[in-house]
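With chain A fixed as given, assemble chain B onto it according to the hints.
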Amino acid sequence: MSAEPPLLDVKGLRVSFATEGGIVRAVDGVSFTLAAGDVLAVVGESGSGKSVTVMTLMGLTRSPNARFEGKAHYRGTELIGAPEDVLRRVRGAEIAMIFQDPMTSLNPVQRIASQIIEQIQEHEGLPDRQARARAVELLERVGLPRAEERADDYPFELSGGMRQRVMIALALSCNPSVLIADEPTTALDVTIQAQILQGIRELRDDTGAAVIIVTHDLGVVAEIADRIAVMYAGRVVEEGTVDQIFHDPQHPYTWGLLGSITRVDRPRLKRLPAIAGLPPSLADRPRGCHFRPRCPHEFAQCTTVPPLEARLPDQPEHRDRCWLAPAEKRGRREVAPGEIGLEAKEGATA
Amino acid sequence: MARFVVRRLFQMVLVMFAVSILTFLIFNVIPNGDPAERMAGRQPTEVQIEAIREEWGFDENIVVQYVTTMRKVFTGDLQSYFTQLPVGEEILRGLPRTLSLAIGAALLWMLVATCFGLYSAMKAGKFADRFLTIIALIGISMPVFWIGALMNYYLGFKAGIFPNGGYVELTRDPIDWAYHLILPWTALAILFIGFYSRLLRSNVLDTINEDYVRTARAKGLSERRIMVRHVLRNSMIPIVTLWGLDFGAVLGGGAILTETVFDLQGVGQYTADSIGLLDVPPVLAVTLLAAFFIVFLNAVVDIAYAYLDPRIRLQ
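Going down the list, the sequences are from chains A and B.
Under the working numbering, the very last position in the first sequence is 350; numbers go up by exactly one each time.
Under the working numbering, the very last position in the second sequence is 1315; numbers go up by exactly one each time.
Chain A with its partners taken away, still in its complex shape:
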């Protein structure tokens, strides 16, 4: 996989915003790579910096109060700090994004086909008729029934699930190499969620696009992702393959996340499991490991920031930011591997 250069290479990305309450460090040194066909899930609580990370890649967080550091290489183009007109050619055409709330992410007074056509024409300058034909074809492909007729509907005439399909059709309209989905199923009900995820996965298979999916829903992750990056307070605290994270989680925060999944096939607990405490304010974060104040396993070394590195000799791609020795961790983990919200797969490593 690492023979050719990755499609997207993010190194040491930092994003901070100057606010009245001080400087908010939303993203603090995030690095990852993405090859064609990869599905990377970025997981974390609200405010962990996951959305800011992906939106920064497209330059959507730019504002007079924002400061950016680090690099994000996409096929030889540096995205961070790129001039608007360079970025504009990447947006929609090379890297496309599906947003969280399909109810508000489409222009309410523009017909859906026109919103897709607009993007196609911006990047490829197709004549009206051809652009429309492509838009209808895309709507068919994402499963909008009677696409030819419904193409002239306004967003308010469609259900939430249908609108999200329109968003997906829009994102795919110029065959992007990277598809970013920012909580694409959060606003939808469960049955629709599965269909939308299925759709995204099929598209990855058809087009070979790399996918970054941002979510706080571990069910979504298990369904679709190859790799996971767990974010906490602006940092990646653990990353690895889906199997590694689900079956051998190394960071106590990941344990907490996985422990928070409720299961209907287990005896009902008195209280829903939750991680004690609140995420830190990004304007005033604790020294050292940011999870320290909420972590039951804190010890002296935690006041210095643990580096993100591989700590298990047999899992070189599995990295985490926790000072505890791996053997120690396995002893302290309250939930046994393979018991964490996901059935053990055949040949799972541990």
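What the hints contain is simulated information worked out from the structure, not anything from laboratory work.
Mixed in with the good hints, there may be bad ones.
[Unchecked claim] Short derived list, chain A residues pointing at chain B, Cβ under 8 Å:
#	residue
1	60
2	68
3	91
4	92
5	93
6	99
7	105
8	106
9	118
10	119
11	122
12	146
13	150
14	308
From the three backbone atoms N, C-alpha and C, an ideal C-beta is built for every residue, glycine too.
Relative to chain A, chain B alone:
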């Protein structure tokens, strides 16, 4: 749509009926309102006044008087009590002047306010925005009779750059027509420019943070297209609505002061003169016309709203 039109027509009849009764009653209870006494000239005898009363029907029951007057409104026989000129003709003579003033001013204030409002929003918090805010507040605070009189005096009378009031028919000389109207248009538009640019600025700033604008940016559209197609298009919907209503209000009496200051001899000035004379027939007719314009433009605005925002349905 048909149901909508029928309902609005019915509503229009009701409003105009109510307006006519109110206007008629008000002039009947105003002290010193007896037209016969004033029509009889200076130091009239009781006999003369009585004769006028009888001739014009002022001695009749008020209901009868109302019905007679309204019949005249519809047959076009309404006459001024004092000049004895037919009211219909007077209004028709003034209407092109009032329409010229109102249409030109409405276009001017919409155009300028759109530019100011959009520019202000794009420079929000910066010097240009603050400067335009102050200008807008000054504009809102200046009464039209004051700024109009100043403009007329300094630019018209003293400097002689513009004509000192008056009106030229559009059909006679379009350039002279516009030349005579520049000052009135500006004076009338200033207040609205202030309001509209402030309103558009805040609408644009709200819209700019909408999710669909972020989507538009993520699509790789040019900043210009984002601003025009997505931000301005959505920000303008409530403003276009307001525009229609304000235009109706200007036609229905909002231009009285401007017309008087610039001596345009339009319907507004006719109204002002007639009110001064407590001349019921012209005031009644003009009030009915104003009510008609306002109700009519309300309906037009509703239709326009449904067109601009497909989520709205007429019913």
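Do the hints match the structure? See the list:
Checking residue 60 of chain A against chain B: minimum C-beta separation of about 6 Å stays under 8 Å; hint holds. Because the beta carbon of residue 68 of chain A sits about 17 Å from the nearest beta carbon in chain B, more than 8 Å, this interface hint is broken. With its C-beta approaching chain B no nearer than about 4 Å, residue 91 of chain A sits inside the 8 Å limit, and its interface hint holds. With its C-beta approaching chain B no nearer than about 4 Å, residue 92 of chain A sits inside the 8 Å limit, and its interface hint holds.
Given hint, residue 93 of chain A at the interface with chain B, holds; its Cβ is 6 Å from that chain's nearest Cβ, closer than 8 Å. Using the Cβ-Cβ criterion of 8 Å, the hint placing residue 99 of chain A at the interface with chain B is satisfied: the shortest such distance is roughly 6 Å. Because the beta carbon of residue 105 of chain A sits about 4 Å from the nearest beta carbon in chain B, less than 8 Å, this interface hint is met. Annotation: residue 106 of chain A was flagged as interfacial toward chain B, and the flag holds, the nearest CB pair being 6 Å apart, inside 8 Å.
Interface restraint check for residue 118 of chain A: the shortest CB-CB distance to chain B comes to about 7 Å, inside 8 Å, so the restraint holds. Hint on residue 119 of chain A holds. Least Cβ distance to chain B is approximately 4 Å, under the 8 Å limit. Satisfaction of the interface hint for residue 122 of chain A is found here, the shortest Cβ-Cβ separation to chain B being roughly 5 Å, below the 8 Å cut-off. The beta carbon of residue 146 of chain A is not positioned within 8 Å of any beta carbon in chain B (closest approach about 19 Å), and the interface hint is therefore violated.
Below 8 Å, beta-carbon pairs count as interface contacts, and residue 150 of chain A has none with chain B, the closest being about 14 Å; its hint is therefore violated. For residue 308 of chain A, the interface hint is violated, the least distance from its beta-carbon to any beta-carbon of chain B being 29 Å, above 8 Å.
When the structure is compared with the earlier hints, violations turn up for hints 2, 12, 13, 14 and for no others.
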